[in-house]
Amino acid sequence: MIEKIHTDDAMTHMPFLTADAAGRTILFYCRSGREDWDEVTRSRRWKLWVAGEDDPPRRIATSLGADVCECSPTAWRDEQGWHVTFVAGGAKENPRFHLYRMDGPDLDRLGAPVAVYPTRTGFVRGDRLVYGEMENLVHVRRLSGYPIPQPSDDPVSQPSGDIDIELAGTFIYRVSYRADAPDTLLITGQQQTDDEVFTLEYDLATSRQHLIECDGRPAYKCTILGDQVLYAHRLGEHFETRRITAPTNGLSRHPTSVGLAHRPTTAVSIITFATAATGPAQPQPAATTVTTTSAALATIENAPSQPQSSGPDPRISTCLSCPDSRACPNVTTCCGGQVEVNITTPCPRGRW
Amino acid sequence: MATAGKARLFKTGKRSLRSNAKAQLFTTSGRCSECCTPYVLASAVTNSSNPTWNLTPYQGPGKATPCSFWRLIETGSCYPGAYPWYGAGCVDSTGRLVNLPNSFTSRFSYNGYMQLQIGCRSASGTQINWPGTCQNLTSVYSC
Chain A
1 MIEKIHTDDA MTHMPFLTAD AAGRTILFYC RSGREDWDEV TRSRRWKLWV AGEDDPPRRI
61 ATSLGADVCE CSPTAWRDEQ GWHVTFVAGG AKENPRFHLY RMDGPDLDRL GAPVAVYPTR
121 TGFVRGDRLV YGEMENLVHV RRLSGYPIPQ PSDDPVSQPS GDIDIELAGT FIYRVSYRAD
181 APDTLLITGQ QQTDDEVFTL EYDLATSRQH LIECDGRPAY KCTILGDQVL YAHRLGEHFE
241 TRRITAPTNG LSRHPTSVGL AHRPTTAVSI ITFATAATGP AQPQPAATTV TTTSAALATI
301 ENAPSQPQSS GPDPRISTCL SCPDSRACPN VTTCCGGQVE VNITTPCPRG RW
Chain B
1001 MATAGKARLF KTGKRSLRSN AKAQLFTTSG RCSECCTPYV LASAVTNSSN PTWNLTPYQG
1061 PGKATPCSFW RLIETGSCYP GAYPWYGAGC VDSTGRLVNL PNSFTSRFSY NGYMQLQIGC
1121 RSASGTQINW PGTCQNLTSV YSC
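Protein sequence lines, in the order shown, are assigned to chains A and B. Residues 1 to 352 in our numbering are what the first sequence spells out, letter by letter. Residues 1001 to 1143 in our numbering are what the second sequence spells out, letter by letter.
The shape of chain A in the complex, shown without the other chains:
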C-alpha cells in the first residue's frame, strides 16, 4: 500500500486506515505534489486521496476550490454506503477552516461536501462529533441528529455523554480515531513550550490513555487498524515535508495521564495561545470591552467578577514568576497552560 502511493516525489500525510465491505484495507490520506508547494506562503496545499489493496490511488473529488487545503480524512461505512469527513480551508478569499462530510453509496458517488462544523481538527463518526480547539481542548459530542449544534448553542443542553479532553499547553493538530475501535481517539499535537510533537491514544470507554511512538519517535498523525500502523514521518526542513511511513520496529505505547477529561462546563477559560507577538511591550487597552458572538467569551463576560482589592492579585505575581509567562491585569491564575481570566476586559491574545 505504501509503495503504491509513493510512485513519485509527492508528499503524503494524514493517513486513515479502514476496511471496505469485503474486509480489504483502504487508506485515506492527503497528498501534495510538487505543484502544490506555494513559495509565497512557504506551505503546501493538500488534497484528499484514497487507495485500496486492489485499487490504485485516486483523488477524492470534493468540488472545493483548487486553493483549498483538504486534510484529516476519516471514513466509515454502513448500510447507506460511505461517509467521509475531512477538514478543509485556507482559501485566499476565506481561509476559515471547517469540518466537512460527504456521503454516498460508494466512494465514487459521494455527494457534495457539507460543512458541519467550524474547526481545524476533528471528525464525525456515526452520531459522534469530535473537534479540537487550536489549543488545549478536544470536544466529544454525542449527536442526536441534524442540525449539528453550533458553537453558539448552550453547551449545557448538549446530550449526555459529552466530554472535553484537556491537553494543557499544547496545540491540537489532528483528532482522529481507530476505525477498528471507534471509541479510541488518536490526538496529535505539539507542546507549545518545546515544539515536541506527540500522539495520544485516548480510550473514551475506559479513559485509558497512552502516548504512541513508532521507531522511537512520536507517531505523528498516525493511524492504526489491527496490527497495521502508519504515521506521517517528517523528511525535510519544512514541517509539512512528510511521507506516510510504516514503522520498522513496530509501535510502542507509554501510559500517561496527560489528558484531563471533564464534562462540558460553562466555566470557560482563556488559555495559552497559538501564536505569540514579539517586539516591544504591547499596549493594554485600559478598558477593553471587546465582545463577540462567541459563546465562550459571552460566558466569560457573564462570569462572577473576582473580588477587587487595592493591589494586584498575588496570583499574577505567581504568573509573572513563570519563565514563559506574560502579564495582564486580567490574569488570575496561569503558568504553563490554562489561564483563567477575570474578564470584564478580555485581553487580546498574546497580551497577558
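Rather than coming from a laboratory, the hints here were simulated on the basis of the structure. Check the hints yourself; a few may be wrong.
Looking from chain B toward chain A, a few residues come up when the C-beta cut is under 7 Å (computed) [stated by the list, open to error]: (1) G1076; (2) N1111; (3) N1136.
Positions of the beta carbon are idealized from the N, C-alpha and C atoms, including for glycine.
Got chain A sorted already, so can you dock chain B onto it with the hints?
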C-alpha cells in the same frame, strides 16, 4: 495632519486620499477622521517555515485612518467560540498604530492567516466596525 496621498483643504478641514484610493476626512485640528471605512491594512501567512511577520512597515504616522482602531487577527480560525486576536490598539490622531509591535511570530506550525485590520467607531460610538466577516462588530475599547 499627516496622511498619505493627495489632499484638498476646506473651510472645515481636509479631504484626502488614502493609499488605497479611498477618501478620508479630517477636522481642521487634524485630530479625527469623520469618515472612516474599515479595511485590511496588511496580511500575511505565517507557519513554521515563515513564522515571523515584520510589522515595522506599518509603524509610524500616516499609516491608518486617524482615531480609528487596529487589531491583529487570524482569520483561518475565526470561530464564534474562538478569540483569534493577537494584538489590538488605537490609531492616534497622526494615523500611527499605537504600540504596534515590531513583528509577530507564530509558534503554530501550520498556516496562520494573519490580518492587520483597521476598524472604525460605529455611528453610535459604542462599537467598532471591522472589515471582513470575522467578528466584525465589537465593543469600543479605550487605549
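Going through the hints against the structure:
no.: 1; hint: G1076; verdict: holds (4 Å)
no.: 2; hint: N1111; verdict: holds (5 Å)
no.: 3; hint: N1136; verdict: violated (10 Å)
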